[in-house]
Amino acid sequence: MTASTVDIALFAAKLGMIFFVILTLAAYLVFAERKVLAWIQDRKGPNRVGPLGLLQPLADLIKLLTKEDFCPIAADKWLFYLAPAMAAIPAILTFAVIPFGAPVTIAGRRVPMLVADLNVGLLFFLALSSIAVYGVAIGGWASNSKYSLLGGIRGLAQLISYELSMGLSLVPVVMLARSFSLADIVAAQATIPFVVYQPLAFLIFLISITAECKRIPFDIPEAEGELVAGFHTEYSGMRFGLFFVGEYINIIVLGGLATTFFLGGWHGPFLAPVIWFSLKTLAFAFFFIWMRGTLPRLRYDQLMHLGWKVLTPLALANILVTGWWLALRGDMMPLSR
Amino acid sequence: MPILSDIKAILGGFRITLAHMLRRPVTIQYPEEKRTPYPRYRARIVLTRDPDGGERCVACYLCSAACPVDCISMQAAERKDGRRYAAWFRINFSRCIFCGLCAEACPTLAIQMTPDYEICKRDIMDLVYEKEDLLIDGCGKDDSYNFYRHAGIAVTQPRGEGVEEKPPVDARSLMP
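Each protein sequence line maps, in turn, to chains A and B. Note that the first sequence ends on residue 337 in UniProt numbering; no numbers are left out. Note that the second sequence ends on residue 176 in UniProt numbering; no numbers are left out.
Because the hints were derived from the structure by calculation, they are not lab data. Misleading hints may appear alongside valid ones.
Derived CB-CB ranges, DEER-like [said to hold, decoys possible]:
no.: 1; chain 1: A; residue 1: Ile62; chain 2: B; residue 2: Ala43; range: 29 to 39 Å
no.: 2; chain 1: B; residue 1: His20; chain 2: A; residue 2: Ala59; range: 18 to 28 Å
no.: 3; chain 1: A; residue 1: Pro103; chain 2: B; residue 2: Ile28; range: 44 to 54 Å
no.: 4; chain 1: A; residue 1: Ala272; chain 2: B; residue 2: Pro37; range: 49 to 59 Å
no.: 5; chain 1: A; residue 1: Leu58; chain 2: B; residue 2: Thr36; range: 35 to 45 Å
no.: 6; chain 1: B; residue 1: Asp6; chain 2: A; residue 2: Gly225; range: 20 to 30 Å
no.: 7; chain 1: B; residue 1: Ile3; chain 2: A; residue 2: Ile160; range: 23 to 33 Å
Beta carbons: idealized from backbone N, C-alpha and C, even for Gly.
Extracted from the complex, chain A is given alone in its bound form (with noise of 0.2 Å):
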């Protein structure tokens, strides 16, 4: 394949149009969440700037970026200013796999909707929600705050606790779709998502994402109740507004993920692919918001207890019986190309 102008331009239209996407839908999310969560409590939520309160997240990043950028005096100035973007950038990165549409026709050029289809997106996904938590762990030791560094404690042993049943809950994926490949696992799932074959698996990976983007009942690492705002107590201005988008740009992400692993990522009757996977991801958006309306956040020995002796081989046993169960099939399947 020749890098013409024209694949150069359409990459480049393909970026831009993501990262307009993503950094917008994260401000709404903000917005939407203030509003859900409003409407759970009997309240209205913000309503005041510009019609029916739309314009609240412009106001918001007007006042982010006119903050102060306060930087303890203790801190580790470098490792300080670098968790933010630590936190923020992995999570933009992982929809560089993600298909959000089906592939489009642009100037007699088969144009995937998808960043980088790599023969391994859901390892690089996989290193890259291990790479996020170092933002959290950084933020939290560069704080030299006591809460800050309890809530970067915190933040890895989440990470232990969770990812190895997420990962392992993705691995019948795998084997249904023989492929790493996210766009071959959207394709695998053509006629029938792979909810309908692993529902247990989907499961285990919807509360391991739950952890993942350490919203309510997993937000152990922030715990505002216990540690302040956990990890990202010293913060303000922008800095803080990076790890706090780089938390929407995550739900936005997982939610994506969750869609092309179990849900069959963009494919949908009648709407446009792009329609479908906005609408299953916003579902997932919304559920995540819903779920933290009504949990109430578990104990630090709770998640650790829920991650190794439920999840975890809950998902080793999901393994065997669909190792089984498509060994006894034979090479059957359907959906392997």
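Knowing the structure of chain A, use the given hints to seat chain B on it.
Positioned in the frame of chain A, the structure of chain B alone reads:
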């Protein structure tokens, strides 16, 4: 099985939050929407007049004594006919906690609470209300009560001529 009841409990929680999501919010958008307070709502304090138009306040200091935050102060004075009044009367609304104890303590029903709760000022000194700010022309809540008609002292009428009052008894003629 405990896990089944746990799942049931979690799903029940989701159901309740969903139901609340669809419910009407209870928020009142304050500056645009205002709720009507009840008539006995305790807000701005006024000094009322009796039905005959005279000041009810007799400057007895009971309100300022009852006030837990000491925000009421006054100076008593006496008219030529012996009727008492407050030479000046001051309520510091920046200290007032609107507990209503002054209104309860008042024997003449002069000091009363009103439902006017919108007392905001740019300058804190504007919250110190003097007598001319406090005194209103009406009777407030009890529009038929005139302390001096019931008091049994010879200020506005001779002794024994007040409402529900019997003339003084001559002790010498009061024989069994």
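Against the structure, the hints come out as follows:
| no. | hint | verdict |
| --- | --- | --- |
| 1 | Ile62/A / Ala43/B: 29 to 39 Å | holds (37 Å) |
| 2 | His20/B / Ala59/A: 18 to 28 Å | holds (27 Å) |
| 3 | Pro103/A / Ile28/B: 44 to 54 Å | holds (53 Å) |
| 4 | Ala272/A / Pro37/B: 49 to 59 Å | holds (54 Å) |
| 5 | Leu58/A / Thr36/B: 35 to 45 Å | holds (36 Å) |
| 6 | Asp6/B / Gly225/A: 20 to 30 Å | holds (23 Å) |
| 7 | Ile3/B / Ile160/A: 23 to 33 Å | holds (24 Å) |
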